[in-house]
Amino acid sequence: MSDAGKGKVPALEISNLNVFFGHGESRFQAVKNVSFVLPEGASFGLVGESGSGKSTVLRAITGLVRDWSGTIKVAGSTLGERRETAFYRQVQMVFQDPYASLHPRHTVDRILSEPLRLHRIGDIDRRVLQALDDVGLPRAFRFRYPHQLSGGQRQRVAVARALMLEPRILLLDEPTSALDVSVQAEILNLLTDLRARRGLTYLMVSHDLAVVAHMCEQIAVMRLGEVVEVMGVEQMRQATPEDAYTQELLRASLGYDRDFFSAHMEE
Amino acid sequence: MMRAPDTQITRPGLRAWLNSDAPASRFQARMIQLYLGWLKLRGNPLALIGFLIIVALVLMAIFAPWLATAEPSAQDLGQRLLPPGSAGHLLGTDELGRDIWSRIVYGSRITLMIVTLVAVTAPVFGLLVGTLAGYIGGWVDEVLMRVTDIFLAFPKLILALAFVAALGAGIENAILAISLTAWPPYARIARAETLTIRNADYIAAISLQGAGALHIITRHVWPMCLSSLIVRVTLDMAGIILTAAGLGFLGLGAQPPMPEWGAMISAGRKFVLDQWWVATMPGLAIFTVSLGFNLLGDGLRDILDPKKSKS
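Top to bottom, those sequences are chains A and B.
Every position in the first sequence, counted from 1, becomes a number in the numbering used here once 344 is added.
Every position in the second sequence, counted from 1, becomes a number in the numbering used here once 334 is added.
Be a bit skeptical, because a hint or two may be false.
To be verified - Using 25 Å as the maximum straight-line C-alpha spacing, the simulated SDA-like pairs for lysine to any residue come out as follows:
| # | chain 1 | residue 1 | chain 2 | residue 2 |
| --- | --- | --- | --- | --- |
| 1 | A | Lys352 | A | Phe380 |
| 2 | A | Lys417 | B | Leu416 |
| 3 | A | Lys417 | B | Gly544 |
| 4 | A | Lys352 | A | His450 |
| 5 | A | Lys352 | A | Ser394 |
| 6 | B | Lys374 | A | His450 |
| 7 | B | Lys374 | A | Tyr489 |
| 8 | B | Lys604 | B | Asn628 |
| 9 | A | Lys352 | A | Asp537 |
| 10 | B | Lys604 | B | Met592 |
| 11 | B | Lys374 | A | Leu568 |
| 12 | B | Lys374 | A | Pro448 |
| 13 | A | Lys417 | B | Lys374 |
| 14 | A | Lys352 | A | Arg449 |
| 15 | A | Lys376 | B | Ala538 |
| 16 | A | Lys417 | A | Ala444 |
| 17 | A | Lys417 | B | Thr622 |
| 18 | A | Lys352 | A | Val527 |
| 19 | B | Lys374 | A | Leu493 |
| 20 | B | Lys374 | A | Leu534 |
| 21 | B | Lys374 | A | Arg449 |
| 22 | A | Lys417 | B | Ser541 |
| 23 | B | Lys374 | A | Ala430 |
Note that these hints are calculated values from the structure, not bench results.
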């Protein structure tokens with residue numbers, strides 16, 4: 345995948361990203377000097393424990409967090425203080441919790457057609473139906489309200505919404521962590537499918553290493569706001585990371601390990 | 335071709351159309367929501383009573399000329415202060431021989447006008463101020479909320495009195511004064527709701543679609559504030575009617591020939607011991623309508639509160 349991207353302009357390039365929260369005395373640096381590059385069509389995973397700043401990176405890219413420094417380049421052009429309309433047609437995001445990311449008083453139809461109206465894109469009826477087909481939702485769901493849908497169906501609507509503007513890059517903020525295990529696989533397969541069909545570039549945040557291993561080719565491990573290691577998915581599968589923290593994280597992802605814990609308890 | 339079975343409005347067909355879990359159009363989706371609300375209202379007897387009282391008030395105002403037995407301001411000094419049940423005067427007559435029933439019927443128009451005008455001005459203004467303050471934040475929030483605090487610092491009736499005294503007595507000025515004093519609580523509610531909504535993921539999602547602040551406030555924040563605001567307005571209606579009646583009672587609202595309920599009580603005050611019905615009948619009317627609005631408001635809270643209906 346990275347071979348194909350060679351020589352081309354990378355889809356997303358982040359260098360020396362710092363993100364801050366709060367003001368004055370209580371100003372807190374949530375992300376420290378994070379840099380990585382996503383070639384066109386790549387799938388990149390950001391993993392780490394909660395509070396490691398991985399979601400904050402996504403929020404800085406989308407402009408939801410204002411207080412950041414460093415350089416973010418989308419398809420070669422550097423992003424400024426404010427996001428322009430064109431940015432939203434290149435980069436879209438799927439949120440973690442499908443119960444919170446859909447407006448409770450809007451029908452599926454309205455949720456999907458609103459981005460089209462905002463960007464003055466015509467042919468709304470056809471595009472909405474097409475979007476429902478693309479994410480595997482029956483057309484009969486078009487005029488339902490979110491509370492009439494299950495968690496997995498809601499997340500499909502959220503994915504469809506993110507794809508309405510036909511972006512090149514999709515930011516995935518733990519898109520399955522709020523779902524049942526059985527539904528998780530469905531959504532992950534849908535995302536894999538869509539990427540293959542449309543040649544999308546994914547930046548995925550997760551604390552679930554199995555999910556990331558399934559979805560991504562490259563993985564960055566974050567801890568306390570810093571990237572401690574970047575590795576290929578093969579390296580992770582073989583559990584041969586160089587960084588000590590990464591080793592611990594991999595170990596923890598295997599579940600409860602009696603020997604590991606008793607060894608640590610004695611220390 | 336799929337619409338064909340939907341368009342016939344037979345009774346079972348209509349019910350099936352309203353119970354469909356796969357609405358075929360925006361209109362049907364909206365009608366289903368309304369129908370579900372109606373079912374909930376019907377399941378709450380007290381709220382239904384309140385609703386029926388308000389419907390009766392509206393019907394009374396519309397059909398006043400047919401319901402009234404006499405002209406509301408026709409005087410007949412030979413028939414002064416007749417007790418209720420006298421021939422031709424269901425609820426008796428007042429000190430100028432005017433038929434009290436007819437005056438109450440026509441008075442419903444004034445009450446309804448006050449209620450409607452206040453309901454379409456004060457909450458809308460409050461909603462605008464509150465959502466702007468809550469969504470934009472910063473110094474906009476500070477300025478708007480301090481102004482709101484200034485208005486909230488005065489008792490409602492006193493502030494309304496001051497406005498009417500400055501603007502001049504009359505029903506229009508009374509409505510204006512009531513609206514001016516009624517909006518701050520709505521601004522407060524709207525702001526509080528906005529603060530909880532503005533960090534929600536669905537607001538982040540729509541701003542990621544490239545929507546501007548105004549679009550987000552009117553299309554995404556307002557619908558979420560609306561239900562709690564409607565409940566509050568309905569519950570406040572009783573207070574608004576009472577304030578209007580109070581202003582009328584003090585001679586600052588509706589002026590004498592108008593059959594306004596508060597002014598009628600005020601006029602009947604002089605005979606309250608000997609001819610009790612002159613003040614009591616309009617008082618009962620005010621009581622009934624206020625009760626109706628309160629019952630409906632309580633019911634609407636159960637129906638519209640999104641936090642409750644989730645469970």
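| Holds or violated: are the alpha carbons of Lys374 of chain B and Leu493 of chain A at most 25 Å from each other? | Holds - the C-alpha atoms of Leu493 of chain A and Lys374 of chain B are around 21 Å apart, at most 25 Å.
| field | Straight-line alpha-carbon gap Lys417 of chain A to Leu416 of chain B, limit 25 Å | value | violated (88 Å)
| message | Please verify whether Lys352 of chain A and Phe380 of chain A have alpha carbons no more than 25 Å apart. | response | holds (16 Å)
| request: Given the hint that Lys352 of chain A pairs with Asp537 of chain A, test it: the Cα-Cα distance must not exceed 25 Å. | output: Measuring from Cα to Cα gives roughly 24 Å; hence the hint holds.
| query | Is it true that the CA of Lys604 of chain B sits at most 25 Å from the CA of Asn628 of chain B? | reply | Violated - the C-alpha atoms of Asn628 of chain B and Lys604 of chain B are around 30 Å apart, more than 25 Å.
| Is the straight-line distance between the alpha-carbon of Lys374 of chain B and that of Ala430 of chain A 25 Å or less? | Given that 25 Å is the threshold and the Cα spacing comes to 46 Å, the pair is violated.
| said: Given the hinted pair Lys352 of chain A and His450 of chain A, is their Cα-Cα distance within 25 Å? | reply: violated (41 Å)
| field | Proposed proximity, Lys374 of chain B with Lys417 of chain A (alpha carbon, max 25 Å) | value | At roughly 53 Å apart (the allowed maximum being 25 Å), Lys374 of chain B and Lys417 of chain A break the hint.
| said: Holds or violated: Lys352 of chain A and Arg449 of chain A, Cα atoms, limit 25 Å. | reply: Violated, at roughly 43 Å.
| field | 25 Å limit on alpha-carbon distance, applied to hinted pair Lys417 of chain A and Ala444 of chain A | value | Between Lys417 of chain A and Ala444 of chain A the Cα gap is close to 29 Å, so the pair fails against 25 Å, i.e. violated.
| CA of Lys352 of chain A to CA of Val527 of chain A, is that 25 Å or under? | violated (36 Å)
| task | Sort out whether Thr622 of chain B lies within 25 Å of Lys417 of chain A, counting only the CA atoms. | result | violated (67 Å)
Hints 2, 4, 5, 8, 11, 13, 14, 16, 17, 18, 20, 23 from the list above are not met by this structure, while the remaining hints are.
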